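Colleague: Each residue of the sequence shown is one higher than the one before, counting from 5 in my numbering.
Please keep in mind that the hints were generated in silico from the structure rather than gathered at the bench. In this text the structure is predicted, and so the values were computed from the model without any measurement. Accuracy of the hints is not assured; some may be wrong.
As the list claims (entries may be wrong) - BS3-like mimics (lysine-lysine), calculated; alpha carbons at most 25 Å apart, straight line:
1. Lys133 with Lys25
2. Lys29 with Lys133
3. Lys115 with Lys125
4. Lys50 with Lys84
Stated by the list, open to error - Simulated restraints, written as ranges between beta carbons of each label pair:
5. Leu86 with Thr43: 26 to 32 Å
6. Pro97 with Phe15: 42 to 48 Å
7. Pro54 with Lys84: 39 to 45 Å
8. Glu59 with Lys133: 51 to 57 Å
9. Met5 with Leu129: 40 to 46 Å
10. Gln51 with Ala23: 48 to 54 Å
11. Asp36 with Gly113: 14 to 20 Å
12. Phe15 with Leu129: 44 to 50 Å
13. Arg66 with Ile19: 41 to 47 Å
14. Glu124 with Ala23: 43 to 49 Å
15. Ser109 with Lys7: 28 to 34 Å
Don't be surprised by glycine CBs; every beta carbon is placed ideally from N, CA and C.
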Amino acid sequence: MKKLIAILVLFVYAIVFIANKTMEKTVAFDYDLTLSYSTPTFQAEKQEEPSKQLEWELINGRLLQLEKRKRVASLIPLFKALGYTPIVITARPEVKGDVFRAHVSRVYGIKMSDIYMTQEKAEILNKRKTV
């Protein structure tokens, strides 16, 4: 009986994984305050550049090291195991975009091509078949 249940569970898993991969299903995560506790980065930027305008070269550059992973990031491997492609969307401007994408890719294991820096989040969500 245990073998039958194990085979059934494996069969269901395979169907879910193949279906999600075949339909190119994605799961989207917002970056700031969802995947990353980014408040320290913005606080450090204000200390270095106390003007009213944000200095994105600092925020998307060397200050990224101050950000901490949030617990929700631990769901990324689970979604990958279920056949979903995780994507990250942020409203941050494209300033130092390659540095930002490399950081997110390294820390969260998401392909750089699946990291979007845009104000048009809904457009990306619709285009990428998110759930």
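Colleague: May I ask which of the numbered hints given earlier this structure violates, with the numbers listed in increasing order?
Modeller: Numbers 4, 8, 12, 14 and 15 - these are the hints that the structure violates, sorted from lowest upward.
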